[in-house]
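S.K.: Read top to bottom, the protein sequences are chains A and B.
Those letters in the first sequence? Residues 1 to 113, per this note's numbering, in order.
Those letters in the second sequence? Residues 1 to 109, per this note's numbering, in order.
If you're looking for bench data, these hints aren't it; they were derived computationally from the structure.
Remember, predicted model here, so these are calculated numbers, not experimental data.
Cβ atoms here follow ideal geometry from the backbone N, Cα and C, with glycine treated the same way.
Be aware that a few hints might be false.
[To be verified] When the alpha-carbon atoms are kept at most 30 Å apart in a straight line, the in silico BS3-like pairs for lysine-lysine are as follows:
| id | chain 1 | residue 1 | chain 2 | residue 2 |
| --- | --- | --- | --- | --- |
| 1 | A | K57 | B | K22 |
| 2 | B | K9 | A | K57 |
| 3 | A | K3 | B | K57 |
[To be verified] The following residues of chain A were derived to be distant from chain B, with all beta-carbon distances above 10 Å:
| id | residue |
| --- | --- |
| 4 | V19 |
| 5 | S75 |
| 6 | S87 |
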Amino acid sequence: DVKVTQSSRYLVKRTGEKVFLECVQDMDHENMFWYRQDPGLGLRLIYFSYDVKMKEKGDIPEGYSVSREKKERFSLILESASTNQTSMYLCASSSPLQAGELFFGEGSRLTVL
Amino acid sequence: AQRVTQPEKLLSVFKGAPVELKCNYSYSGSPELFWYVQYSRQRLQLLLRHISRESIKGFTADLNKGETSFHLKKPFAQEEDSAMYYCALSSGSARQLTFGSGTQLTVLP
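With the rest of the complex left out, here is chain B (with noise of 0.2 Å):
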């Protein structure tokens, strides 16, 4: 069975610090995976997926198959990026996610 996990539940770093949100997965084929953002009285919403390869607003994260682990990444923080933070496994006949259990990102001025 598949899992995401997600070692920090909270995570503070100073405006303008780098910040590395930290996503480790167990997945027998080949794994899809996405984080996702919630932002404070706002729904959850896609940030970014790993096929695309994309950066979204200053995100990166690159999918490591050899240490499975798929870690979010930003130079320099800022106070908007303040949210939780979900990695997501997609799978099944749905591609329905698996969610890690989440990191509450706070950035501090």
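Okay, chain A solo, but in the shape it has when bound (with noise of 0.2 Å):
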């Protein structure tokens, strides 16, 4: 089984902090995606990478950046948190042989006082 670990199920934070969303997989995919769940709104995909340090944006990338240093490893970096950017954080992975089937992690449900 396919298993995407994010490292952090709850946060709280206060605004302007730095916050770090961790996700680890371990099959080996290269594709590896974070998006952002909110209720009547879906999912809003903010970064996506197709291989280690190769990034693209995404549909809403603005007060976000990531990382990917290692293939089974991508982070989410919120520089400056902002109130609005309270939300559950979903990342994701897949393998370019199985286009469109992604391989959901648990969330990190992030609260920004």
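With the hints as a guide, bring the two chains together.
M.R.: See below:
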């Protein structure tokens, strides 16, 4: 079974703090993704990566950055957290051989006060 | 740009009744469409994809290119089908998914 693990299930941060969300997958997938999930808005793509050190902006990259130094790990960084970044963050991975089949982590619920 | 629309935020049906969750898309290329499901307190997972034309847990979905739709159907709903359902379209360099806003299905006893 593919396992995508997000290190923090729940975080509470203050406005202006730097936030790191970590994601690790164990299936040697090339592609990794960060989405945020909000009621009524569904999932929106923040950033994705199709190879180590490669990254591309998704639909809502503003206020976020990412890092992929190793194939199995994809980090989402909020340089200066704001209240409108309070959300559920989902990490996912996929293989190019199974296009569109994403394996998701359990999610990280971030609250910014 | 691609877009996926799920017009119903909430849908309730009685156990044993047919259910249809609507999905419409706009995309200039040849679409690859998927349904994902999230049960309570579980992670989001793939339910089915149009290209395999399979039935999973009694659900089917047919791609209608003329109507740009990919509705999810089940003839007899079960209580365990209660979940959040997302329609998604694959595109781009990493075949990333564009999701609809989701439909919360509740199957009543």
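S.K.: All hints are to be evaluated individually against the structure, with a verdict given for each.
M.R.: Hint check:
{"no.": "1", "hint": "A:K57 with B:K22", "verdict": "holds (29 Å)"}
{"no.": "2", "hint": "B:K9 with A:K57", "verdict": "holds (28 Å)"}
{"no.": "3", "hint": "A:K3 with B:K57", "verdict": "holds (23 Å)"}
{"no.": "4", "hint": "V19", "verdict": "holds (21 Å)"}
{"no.": "5", "hint": "S75", "verdict": "holds (17 Å)"}
{"no.": "6", "hint": "S87", "verdict": "holds (14 Å)"}
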